[in-house]
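Full structure from sequences and hints, please.
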Amino acid sequence: MFGEFIKQRRIAAGISLREFCKRTETDASNWSKVERRLLAPPQDEEKLRKIARVLDIKIGSPLWKELKDKANIDAGIIPEDMLSDERVLNSLPMFFRTIRSEKPTPEELDKLINMIRKE
Amino acid sequence: MDYGEFKCKWIDPAFLWNVADETRKKYWPESTLPVNTEEIVEFRLRLNIEPVKYLLSTIDIDAYLKRDLSGIVVDYDCYMNDKFANRMRFSFAHELGHFFCIRNYTRVLELALLGTGKTSSLMSLRANIETLNGRLTNLPVAY
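Here the protein sequences line up with chains Z and A, keeping their order.
The first sequence begins at 1 in the working numbering and counts up by one.
The second sequence begins at 1 in the working numbering and counts up by one.
A couple of the hints might just be wrong.
[Unchecked claim] Below 20 Å or equal to it, Euclidean Cα-Cα: the simulated PhoX-like pairs (lysine-lysine) are:
1) Lys22/Z <-> Lys50/Z
2) Lys33/Z <-> Lys66/A
3) Lys33/Z <-> Lys7/A
Everything labelled a hint here was simulated from the structure, so no lab data went into it.
Just so it is clear, the structure is predicted and the values come from calculations on it, not from any experiment.
What follows is the structure in structure tokens.
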């Protein structure tokens, strides 16, 4: 996900792996593995900003958010803005069950009905 | 497979020159020198470049084509150091030679792998060849 995303944009911009790694001060051996999904993507904000700058992705743009989300997802991490919202956080188990096509328990249904009523 | 009995097929050098010329025309239509073999590998054939540390110092090679044809493994220091740019250009050209020859002998490779029972390698090779053939067919006319 993250690896393919970066590689696609890097190649479209005509930046070789070597050039990319020099400009982002990244180890090319490791980065080649990140692009092939053999290593987890970096999570460090400054590193991700550096990558975005090299790929001409504006910080704060939808592409920048996609880059960060993909870096999080590939590393098995829930994005920070989701974690800071307690309501979203509490709804996550229900969301996971829904996408797994598992039915909610009667208690969870009651909770959901209450939530809707309060809206 | 008994590798001791393997006999390499004789290929006429004139035929190889012809293949090299045709390949160059197709993948480096600019005809400028030097031919940027790294660009052909990475941007035009979309092969992976996989830098590995100490490849040259431990096994005395600076590049090799992966058996599943998905990419070229290169010595990290040679690849990253501009001082070795000419050497790397030659190494990429050398591996491209393997790539274009091997692509025409995939059936032979498949049979060799069948004998070893390495099913995953065989499947990986077939999948990569299908992908590569798709890429080669879909290349812009200029290439």
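Structure-based check of each hint:
At roughly 11 Å between alpha-carbon atoms, Lys22/Z and Lys50/Z fall within 20 Å of each other, so this suggested pair holds. For the given pair, Lys33/Z sits about 15 Å from Lys66/A by alpha-carbon distance, which is consistent with the 20 Å threshold. A threshold of 20 Å between alpha carbons decides the hint, and for Lys33/Z with Lys7/A the separation of about 36 Å lies outside it, so the pair is violated.
Of the numbered hints listed earlier, the single one contradicted by the structure is hint 3.
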